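Undergrad: Add chain B to chain A, keeping to what the hints say.
One line per chain: the protein sequences are A and B, in this order.
Numbering of the first sequence is given in the numbering used here, commencing with residue 2 and proceeding in unit increments.
Numbering of the second sequence is given in the numbering used here, commencing with residue 2 and proceeding in unit increments.
Just to be clear, a hint being listed does not mean it is correct.
All copies of an identical chain are treated as equivalent in the list; a pair is satisfied when it fits inside any one copy or across any two copies.
Stated by the list, open to error - Quick list of in silico lysine-lysine cross-link-like pairs, DSSO-like style, CA-CA up to 30 Å:
1. K173 <-> K262
2. K262 <-> K292
3. K262 <-> K103
4. K153 <-> K262
5. K104 <-> K173
6. K153 <-> K103
If you are wondering where the hints come from, they were derived from the structure by calculation, not from laboratory data.
Note that the structure is a prediction, hence the values are computed from the model and not measured.
There are 2 protein chains.
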Amino acid sequence: MLIPFLALLAGAQAAPPPPVSPPAPPLPSDAIAADWRPIPDDELMVITLGGNRSVVIRLAPRFAPEHVANVRKLALAHWWDDTSVYRVQENWVTQWGDGTEKKPLAPGIVEPLAMEFDIPAFDAAQRLSRSDAYSTASGVTADGWPIATDGKAAWMPHCYGTVGVARDSLPKTGSGAELFTPISGAARRLDRNYTIVGRIIDGMKYMSAMPRSDAAMGVYATEPERTTIVSVRLASEIPAGERPKFEYRSTDNVRFAAYIKLRENPAAPTVGLGGIDICDLPLATRRVGAK
Amino acid sequence: MLIPFLALLAGAQAAPPPPVSPPAPPLPSDAIAADWRPIPDDELMVITLGGNRSVVIRLAPRFAPEHVANVRKLALAHWWDDTSVYRVQENWVTQWGDGTEKKPLAPGIVEPLAMEFDIPAFDAAQRLSRSDAYSTASGVTADGWPIATDGKAAWMPHCYGTVGVARDSLPKTGSGAELFTPISGAARRLDRNYTIVGRIIDGMKYMSAMPRSDAAMGVYATEPERTTIVSVRLASEIPAGERPKFEYRSTDNVRFAAYIKLRENPAAPTVGLGGIDICDLPLATRRVGAK
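Looking at chain A on its own, in the form it has when it is part of the complex (with noise of 0.2 Å):
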């Protein structure tokens, strides 16, 4: 089938290979044990998709504080309890919230809030070698976090699977009810112009596999399309027992800059570019423990 090449290079999510005696040595790219940190409970919050299918998106508070607030307590009030994936639109997004545009927002929530389109500034742990049509240095944060910058200001980028808040014309930023995901690659020039709240760590295959709609927009024109949200959930209110736990790998050491290099300049008979846009470098997180 001619695919092992391209498997190889396929990212830190593929499946690992069959075992191998005796086991090859680590390299000097390769996470150690104390690389993974864990995830706060509250920065976790699972999307529970009709088939029992669920999405879990890592949230970024530091970069947008009063989004996620709202975010937050959308999900504790189950705002989203049987609302629905009501937009897919090709080469574009994924959208979801209230499809029916009728819903009131739960108590104690404000919009509009003030815009949270750029980020406090550009902490990058570790910057790539070359950066991209949209900023002139990219980089990730410590804790895994995507950024870049202009050498002014500082963002994250709109890469696939990351989550942002969809909004009327401006001035409008949004409440964070209504939420998207690129499911292609084509959403950087969002950049700048839309808040960041988090980005989907897990289950983003249901999210990009969604029946795209012709209607305007890519906004299903019948009910049926939709995609029923059963329940959304911060961790930190499942029940221990069930609750999912994640980590994510940790950047500011050798290991993750020989791993940039490494991607930046792989080993020969590949031909290496010099370079890797921040949005194809994968930033590992693991979940611990059954799902």
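TA: Only chain B this time, still in chain A's reference frame:
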């Protein structure tokens, strides 16, 4: 539903707004009738999937003559009929061809071919203001193909929807019988390591929305998961009355130059980033006549 502004940014293939009265004057970035040029019938290849879903590929014989010659032979031999889409890996690729690995190639198909990872020249009619992590310059040919260069070599980038030739480990190049397309934005690191034979210009929504496989390398573990390929035909082989016709938007004109500038520097209140990635710049094609 808080979508209008996002929708405005959604690209050239978004549904047009309802007509207004009087009609808005054309923008300097709008194509005129003469900008649309026909794609030759033997450069269009139609994959018909079960359920009468069609995927149309524009072939790139100028950039990968040997591999495109093979692809044409395979199509004319009806080699792909009753093969399948057998691999869909999340955040990576959809791949199709002979999932059984047992089907002999059609007569006249020779493997290995010369490598056609690079293209003859960086003959960009328009360049982007800023390039990316994988190249020092990028742009588009007059006939609408994205290209990149490091100042020495030139190549086509592995954008979303690009059609690449799967292969075994180097120095294999692949016959062209097994093809793949990136379904997220993470495949640029395949640049200069795989041969590109074209790109999907219609029906990408079918390739991108197939269920992801959790099996190794995203290869469907069971036969029923696969999507049957009913037929693959060059448009030139299809009876005139049913033959699809497509045009591309040419780029060697001031209107496309203005279009790039508009994408790089959108009007306020949108915050412009001063650049756009070659894979995010819509290179328009359109169907002529009824489907």
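Undergrad: With 30 Å as the alpha-carbon cut-off, assign the pair K153 and K262 to within, between, both or neither.
TA: both (26 Å within a copy, 22 Å between copies)
Undergrad: Given a CA cutoff of 30 Å, do K153 and K103 count as a within-copy pair, a between-copy pair, both, or neither?
TA: Answer is neither: 40 Å inside a copy and 58 Å across each miss the 30 Å cutoff.
Undergrad: Checking an output row: K173 and K262, CA cutoff 30 Å. Within, between, both or neither?
TA: Classified as between: cross-chain Cα gap 26 Å, same-chain 40 Å, threshold 30 Å.
Undergrad: If the cutoff is 30 Å on CA atoms, where do K104 and K173 land: within, between, both or neither? Let me know, please.
TA: Within. Shortest intra-copy distance 18 Å satisfies the 30 Å Cα cut-off; inter-copy 57 Å does not.
Undergrad: Since the copies are identical, ignore which copy is meant and state whether K262 and K292 lie within 30 Å (CA to CA) inside a copy, between copies, both or neither.
TA: neither (33 Å within a copy, 48 Å between copies)
Undergrad: Cα distance capped at 30 Å. Does K262 pair with K103 within a copy, between copies, both, or neither?
TA: neither (50 Å within a copy, 39 Å between copies)
Checked against the numbered hints above, the structure violates hints 2, 3, 6; every other hint is satisfied.
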